[in-house]
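S.K.: The listed protein sequences correspond, in order, to chains A and B.
If you're matching positions, the first sequence starts at 1 in the working numbering and goes up one per residue.
If you're matching positions, the second sequence starts at 1 in the working numbering and goes up one per residue.
Among the clues, some could well be false.
Claimed, not checked - Capping the alpha-carbon separation at 16 angstroms, the derived lysine to aspartate or glutamate pairs in EDC-like fashion look like this:
1. Lys10(B) <-> Asp47(A)
2. Lys40(B) <-> Glu72(A)
3. Lys40(B) <-> Glu63(B)
4. Lys40(B) <-> Glu63(A)
5. Lys10(A) <-> Asp50(A)
6. Lys40(A) <-> Glu72(A)
7. Lys10(A) <-> Glu43(B)
8. Lys73(B) <-> Glu43(A)
9. Lys40(A) <-> Asp15(B)
10. Lys40(A) <-> Glu43(B)
Calculated directly from the structure, the hints in this document are not laboratory data.
There are 2 protein chains.
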Amino acid sequence: MKARVTIMLKDGVLDPQGEAIRHALGGLGHRGVAGVRQGKLIELDLDATDPEAARAEVARMCEGLLANTVIEKYAIEIA
Amino acid sequence: MKARVTIMLKDGVLDPQGEAIRHALGGLGHRGVAGVRQGKLIELDLDATDPEAARAEVARMCEGLLANTVIEKYAIEIA
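Next comes chain A alone, as it looks inside the complex (with noise of 0.2 angstroms):
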């Protein structure tokens, strides 16, 4: 079984990797950028069966080692 997770910051926390994005791509000739955010992707690959335990199991990782749930949210995705 798969898992997918996205690992991005919270709206409104500074995102400085983002803004030099945002400006490397101006600098490159890309208009009409507004914004840009980056973000983390986890792919998972794992033994479990059972999508429900396996989401429960996936959420766990994610608030005790793949995301600071101070400044980042995450999304989970089974498949």
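Could you slot chain B onto chain A? The hints should help.
M.R.: Here is chain B on its own, set in the frame of chain A:
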């Protein structure tokens, strides 16, 4: 118009960051994680209004700046 770009290492390219996460998850007691791959997620806020034009523009951004297409693959979602 929003665009979401996911950038992952191509299959077969060693992912030491993902491997480090897998190892750390094991150390925290999360058994049953067979593999981890880490990638990047970039959310773009575009002025463009035509989805096809936006997709082509974002593809150029990926080829020119966002992804290293020698070792990375990217996927674009327009919303």
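S.K.: Does Lys40(A) pair with Glu43(B) here, judged by a C-alpha cut-off of 16 angstroms?
M.R.: The hint holds at about 11 angstroms.
S.K.: Taking only the CA atoms, is the gap from Lys40(B) to Glu63(A) under or equal to 16 angstroms?
M.R.: 19 angstroms, violated
S.K.: Hey, Lys10(A) versus Asp50(A), does the alpha-carbon distance stay inside 16 angstroms?
M.R.: 30 angstroms, violated
S.K.: Are the Cα atoms of Lys10(A) and Glu43(B) separated by 16 angstroms or less?
M.R.: 13 angstroms, holds
S.K.: Regarding the pair Lys40(B) and Glu72(A), is the alpha-carbon distance no greater than 16 angstroms?
M.R.: Roughly 15 angstroms between the alpha carbons, so the hint for Lys40(B) and Glu72(A) holds.
S.K.: Take the C-alpha atoms of Lys40(A) and Asp15(B), compute the straight-line distance between them, and say whether it is at most 16 angstroms.
M.R.: This hinted pair holds, its Cα atoms lying about 14 angstroms apart.
S.K.: Take the C-alpha atoms of Lys73(B) and Glu43(A), compute the straight-line distance between them, and say whether it is at most 16 angstroms.
M.R.: Given that 16 angstroms is the threshold and the Cα spacing comes to 14 angstroms, the pair holds.
S.K.: Can you confirm whether the C-alpha distance between Lys10(B) and Asp47(A) stays at or below 16 angstroms?
M.R.: 22 angstroms, violated
S.K.: Take a quick look at whether Lys40(B) and Glu63(B) sit within 16 angstroms of each other, Cα to Cα.
M.R.: 15 angstroms, holds
S.K.: For a C-alpha distance cap of 16 angstroms, please report whether Lys40(A) and Glu72(A) respect it.
M.R.: With a Cα-Cα distance of about 10 angstroms, the restraint between Lys40(A) and Glu72(A) holds, given a limit of 16 angstroms.
The structure fails to meet hints 1, 4 and 5 from the earlier list, while all remaining hints are met.
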